[in-house]
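Q: Sequence:
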Amino acid sequence: MNHELLEDSAWRGPLMLAMQRAILAEFNSTDWHELGYLTGFHDYIRGHARLLRSLGFGDDDYGSCVFQVLEHFASNDIRALVAVIDHLKVRPNLEREQPAKLIELGYQAGHVPAVLPTVSASEVVRRALADADHLLLTSGAPSAIDRLHTAMHGYLKSACQDGAIAVPESATLTQAYKALRAQHPALQSLGEHDSEIGRILGSFASVLDALNTLRNHGSVAHPNENIVERAEGELVVNAVRTIFHYLSQKIRS
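Everything in the sequence shown is counted per my numbering, starting at 1 for the first residue and increasing by one.
Calculated from the structure, these hints are not laboratory results.
Errors might be hidden in some of the hints.
Claimed, not checked - Simulated restraints, written as ranges between beta carbons of each label pair:
hint, residue 1, residue 2, range
1, Ala100, His33, 27 to 35 Å
2, Arg127, Gly58, 24 to 32 Å
3, Gly202, Glu4, 24 to 32 Å
4, Ala186, Ser206, 38 to 46 Å
5, Lys250, Gly13, 32 to 40 Å
6, Ser122, Ser203, 38 to 46 Å
Unchecked claim - For lysine to any residue, the following SDA-like pairs were computed, each having C-alpha atoms within a straight-line distance of at most 20 Å:
hint, residue 1, residue 2
7, Lys89, Phe67
8, Lys89, His33
9, Lys178, Gln161
10, Lys178, Asn212
11, Lys101, Ser9
12, Lys178, Ala164
13, Lys101, Arg126
14, Lys250, Arg96
15, Lys89, Leu116
16, Lys89, Pro99
17, Lys250, Asn212
18, Lys101, Leu38
19, Lys178, Leu190
Computed from a predicted model, the values in this text were never measured in an experiment.
Where is the CB? At the ideal position from N, CA and C, for every residue including glycine.
Could you put the whole structure together from the sequences, leaning on the hints where they help?
A: Here is the structure:
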């Protein structure tokens with residue numbers, strides 16, 4: 001981690017703005033208390049004249065209060081700012097909005113942005129995606145495979161249900177995807193390059209079939225001796241995230 005960049009107020013400006021936006025959209029009072037204990041600034045957060053009060057009452061000055069806290073972190077302990085960057089409710093937004101800044105800081109390049117569940121996503125899907133992001137940050141990509149499998153499986157079955165596409169309750173990941181691909185109206189017309197895009201979507205079925213196998217025999221979902229290697233695990237995570245992003249954009253489910 002290149003702390004010198006974070007200490008440069010001009011360089012960190014766009015990153016601070018992205019962090020503030022993520023916090024405004026995602027944080028609740030519990031998140032603030034947890035962050036306070038994690039960074040050693042709990043007394044500051046709890047004693048802030050307006051932060052938690054503005055959050056609780058939805059006051060207009062809450063956004064300014066968030067900036068005050070971030071600047072306090074930057075001025076007093078840059079490690080606290082790093083903790084904000086790494087927070088599960090902040091990092092996915094930064095990967096999407098400021099990927100170049102993260103790379104400059106020393107975060108690994110090449111990750112497909114994290115998946116942000118839509119409003120209609122089930123609690124199972126939301127929790128599995130959050131768990132996968134946490135495991136990716138703390139334990140590495142191989143540990144995230146099981147939770148991504150659960151999230152994708154739940155998402156596909158939910159999308160079929162929302163689209164009135166009949167699939168058995170016991171439908172596998174691959175079966176649910178094939179049914180969605182074959183029957184959902186949004187996936188029938190793929191633009192002027194329908195044939196080539198169709199080939200890519202067909203290859204997604206192979207990716208998900210391989211995900212099934214890797215989840216059962218190459219992940220920590222079961223007591224497997226031969227866990228997929230880190231680079232290959234990141235390949236799996238990126239592939240599944242790509243499928244998620246495409247489907248959620250096309251079918252808005």
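Q: Look at each hint and say if it fits the structure.
A: Verification of the hints:
no.: 1; hint: Ala100 / His33: 27 to 35 Å; verdict: holds, 32 Å
no.: 2; hint: Arg127 / Gly58: 24 to 32 Å; verdict: holds, 26 Å
no.: 3; hint: Gly202 / Glu4: 24 to 32 Å; verdict: violated, 48 Å
no.: 4; hint: Ala186 / Ser206: 38 to 46 Å; verdict: violated, 21 Å
no.: 5; hint: Lys250 / Gly13: 32 to 40 Å; verdict: holds, 35 Å
no.: 6; hint: Ser122 / Ser203: 38 to 46 Å; verdict: violated, 27 Å
no.: 7; hint: Lys89 / Phe67; verdict: holds, 17 Å
no.: 8; hint: Lys89 / His33; verdict: holds, 14 Å
no.: 9; hint: Lys178 / Gln161; verdict: holds, 14 Å
no.: 10; hint: Lys178 / Asn212; verdict: holds, 14 Å
no.: 11; hint: Lys101 / Ser9; verdict: holds, 13 Å
no.: 12; hint: Lys178 / Ala164; verdict: holds, 14 Å
no.: 13; hint: Lys101 / Arg126; verdict: violated, 27 Å
no.: 14; hint: Lys250 / Arg96; verdict: holds, 18 Å
no.: 15; hint: Lys89 / Leu116; verdict: holds, 10 Å
no.: 16; hint: Lys89 / Pro99; verdict: holds, 16 Å
no.: 17; hint: Lys250 / Asn212; verdict: violated, 24 Å
no.: 18; hint: Lys101 / Leu38; verdict: violated, 23 Å
no.: 19; hint: Lys178 / Leu190; verdict: holds, 16 Å
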